[in-house]
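Engineer: Chain residues, written in single-letter form:
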Amino acid sequence: MAIEPPLSGIKVVEHASGVAAAYAGRLFTAMGAETVMVEPTAGSPLRREPPFFGTTPDQSALFAYLGAGKRSVALDLMLDAYRDALDALLADAHVLIDDTAMGDRVAIGLGADRIRRDHPDIVHVSVLPFGAAGDKAGWRGEEINLVHAGGEGFLLPNGLSADLFPDRPPVKIAGHFAEMQGGVAAVLGALSALWTGKGQFVDTSVQDANVAVGAFAIQRYGDGSLEHRHHRSFRYGGVIECSDGFVELLTLEERQWQALVKLIGEPAWAMDEALSDPAERSARGREINEAIRSWARRQQVAELVARAQALGVPMAPYNAPSDVLADPHVKARGLFAAVELADVGGVPMLTAPFRFGEAPLVIRSGPPELGADQDLLGAASKARQARRAEGR
Amino acid sequence: MMKPLEGIRIADFTVHAAGPFCTHMLSQLGAECIKVETALRPDIFRKPHAVYGRLGPASFDQVASNKLSIRINLKHPKGVDLARRLVAVSDVVAESFRPGVMQRLGLDYDAIREIKQDIVMLSVSSSGQTGPDRHFAGYAPLFGAWGGLGYLTGFSDGPPVEMRHVMDHSVGLNAAMATVAALLRRRLTGQGCHVDVAAREVASSYIGEALLMASVGDEVGRMGNEDHRRAPHGLYLTSEDDRWISVAVGSQAEWMSLLQVMGRDDLASDGRFASEQARQSNRSDLDAIVSAWSITQVAEDAASAMQAAGVPAHVSWTAADIATDPHLRQRGAIVDVREPDGRTRAAVGPPVRLPDCPGIGIDRGTPALGEHEDYVFGEVLRIGRAEYAELVEQQAIY
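Protein chains in written order, with my numbering: chain V, 1 to 392; chain A, 1001 to 1398.
Treat the hints loosely; a few may be bogus.
Derived, one-sided and incomplete: chain V residues facing chain A with beta-carbon distance under 10 Å [claimed, not checked]:
1. 48
2. 49
3. 62
4. 74
5. 107
6. 109
7. 111
8. 134
9. 141
10. 143
11. 228
12. 239
13. 247
14. 330
EDC-like, lysine to aspartate or glutamate: derived pairs with alpha carbons at most 16 Å apart [claimed, not checked]:
15. V:11 to V:121
16. V:382 to V:87
17. V:262 to V:272
18. A:1078 to A:1390
19. V:198 to A:1006
20. V:198 to A:1390
Derived from the structure by calculation, the hints contain no laboratory data. Think of the CB as a built atom: it goes at the ideal place given N, C-alpha and C, for glycine as much as any other residue.
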């Protein structure tokens, strides 16, 4: 049964040039908020960020994902006239998301003091690579810098990739993982601030968010050991190559190990009594993994994963994006909404990785054309004038 | 101002990493989080797992910090009754069992909303509460594999890469956010709901653009450290052992600045690097040029010099760098926590700053199993001494 999305009625003004802030707006949108992108007259730089559909740089798939379901107004915030239009929008909004560099905020009317004075009830969410306060508040950071500033960058790859390429540099997580952690943290902060009922400043640092999700390595350090990508591979299991692709295998519990032995057909080596001791298995992990890897090369991914899960062995296929799209489970869950993109056609748009009942959340449209909702400005200005006239 | 979520009470049945990280984050923001465990089967993250090749427990101390610990034996009917009494005085029930377990315990959403009509229930699982794979077991590397993120991560000539704890904790961060959204909805509508967070969908949510590309037949593959547009872009070794700097050049201005920092103005007019497209085409030449410079540099000095010139750069930091960094400590992203045994360790603070709510963060270290039963059973549930002793005797509290 579909229920009203949780943030219906919440209005968000987003001024974003980077992925973290735009993703925050996207999460708000998926949860039912009305998100208005305030873009420069040349359009958000994210419109020009690859990958592109086709070869011409006029349809960014990244922007399609981040901008889906939002509205757009084009404003040159260096001009006072447009600043008034911005204020009219803000007067009606609950949340402002901004990722302008600290040094440039005052000039475009987005300084924290100015916003607090003129819009005391708004939750003003700042999203920056290293936050709005502290010694590195002015530092710049792209995805690859941030995944390494947060600690996980140094720790990848491990497992099979680290075995194959021990001398290569660390490898980043694909896409915009680190920046998106910043986006999620920004929304958590914004919603917590909304819960208090008091307008306030929310200072999001993409680095902080990544340090938080990297908690494990920090705890290990506090306990006296320093994690390194070359030392933290699973002793056995991990990325396993099959005849037609890769699977992931991880057994933590005793019963899972026993099920794995069944899965591989109870070969003589695995029936060794000594291997019923987890410490012995850990010590002989390399030997175990060599046996598993050579066995798995003759297996096919889909059939193997089905058998493993039926036996209670935690295993999953390494799905390519096209596999994700075709996955019957994903389809049954309705994770993707059918959305029409100009010049591209109908595409499946991932809505959000959580839901508030059985029905998935809804994304109704692709990203708006630049300035598609310019008429919002007139409406907002009129509403503001009316409020002023009534002395509110 | 108090902590923002002060007054919210969570009955926390979560185990492993993703669910406990979620409720830990909410507790740092002020929610009162009551962790339900039993000595029969403690949270499996309280104990070590040999497959990781170490003897200590995993991330338990961090995510248990700030929580109140009580014992309830859910295998005992009176234990389930206790759980129901706890639900009746809670705002949120959080769990991360495989779908079906809460039903068997009589604590599924339909059952608990009978107890408390506007309860917000949070379920974190590998594949979600619905769909044919809902019963599948999974851990972080499996979420990444299912969701496509693992496939896309790795060198272009190598295999996929497994996601580790950041994947779990990222699921928890999404779950924390969705829980607060559900609470806001409850305030507005008077209605609770069942929040369903599927870890493999969280992995997919980070590759939205690659999924869109695949849908039009234009599959994106593994790109290692390369970027669609930026070059130079990658990790460059410095004069220090295993010490790398990440560099990302995304504009002409940044390119010119990098040349100045490297003392290579001679390349300013080199046709191979004259435009973004040219730099992208000749990126392996660029990697060689930047590497030849970086190998002579002290990592932090080089990163600072690049930042001063406006070039996005950062050293590839270890946990030691993070735990001791003044900027992160100034912000409260890293804090010291004192454990009951007097030991102090570094821990992560809240994932976002709220300057008007300066009290957010960790107040207490790891609770002992059942440490807060006087408060929870005595004060919150108003169970008298005699009844408590009887429930302990019957091993409903165990």
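Engineer: Each hint: holds or not?
Structural biologist: Hint-by-hint comparison with the structure:
Interface hint at residue 48 (chain V): satisfied, since its Cβ lies 9 Å from the closest Cβ of chain A, which is below the 10 Å cut-off. Because the smallest distance between the Cβ of residue 49 (chain V) and any Cβ of chain A comes to about 7 Å, under 10 Å, the interface hint for this residue holds. The beta carbon of residue 62 (chain V) is positioned within 10 Å of a beta carbon in chain A (closest approach about 4 Å), and the interface hint is therefore held. Hint status for residue 74 (chain V): violated, given a least beta-carbon distance of 22 Å to chain A, over 10 Å.
For residue 107 (chain V), the suggested interface contact is broken, since its CB lies about 18 Å from the closest CB of chain A, more than 10 Å. A least Cβ separation of about 20 Å between residue 109 (chain V) and chain A goes past the 10 Å threshold, and the interface hint is therefore violated. The interface hint given for residue 111 (chain V) is broken, as the beta carbon of that residue sits about 14 Å from the closest beta carbon of chain A, more than 10 Å. For the restraint placing residue 134 (chain V) at the interface with chain A, the shortest Cβ-Cβ distance is roughly 5 Å, inside the 10 Å limit, so the hint holds.
Look at residue 141 (chain V): its Cβ gets to within about 6 Å of chain A, closer than 10 Å, so that hint holds up. For residue 143 (chain V), the interface hint holds, the least distance from its beta-carbon to any beta-carbon of chain A being 7 Å, beneath 10 Å. Taking 10 Å as the C-beta cut-off, the interface hint given for residue 228 (chain V) holds, the closest approach to chain A being about 8 Å. Interface hint at residue 239 (chain V): satisfied, since its Cβ lies 5 Å from the closest Cβ of chain A, which is below the 10 Å cut-off.
Annotation: residue 247 (chain V) was flagged as interfacial toward chain A, and the flag holds, the nearest CB pair being 7 Å apart, inside 10 Å. The interface hint given for residue 330 (chain V) holds, since its Cβ lies 8 Å from the closest Cβ of chain A, which is under the 10 Å cut-off. For the given pair, residue 11 (chain V) sits about 13 Å from residue 121 (chain V) by alpha-carbon distance, which is consistent with the 16 Å threshold. With a C-alpha separation of about 12 Å, the suggested pair residue 382 (chain V) and residue 87 (chain V) falls inside the 16 Å cut-off, and the hint holds.
The straight-line distance between the Cα atoms of residue 262 (chain V) and residue 272 (chain V) is roughly 13 Å, inside the 16 Å bound, and the hint therefore holds. For a cut-off of 16 Å, the pair hint linking residue 1078 (chain A) to residue 1390 (chain A) stands: about 11 Å separates their Cα positions. With a C-alpha separation of about 14 Å, the suggested pair residue 198 (chain V) and residue 1006 (chain A) falls inside the 16 Å cut-off, and the hint holds. Note on residue 198 (chain V) and residue 1390 (chain A): the hinted pairing is violated, with a Cα-Cα distance of about 46 Å set against a maximum of 16 Å.
Hints 4, 5, 6, 7 and 20 from the list above are not met by this structure, while the remaining hints are.
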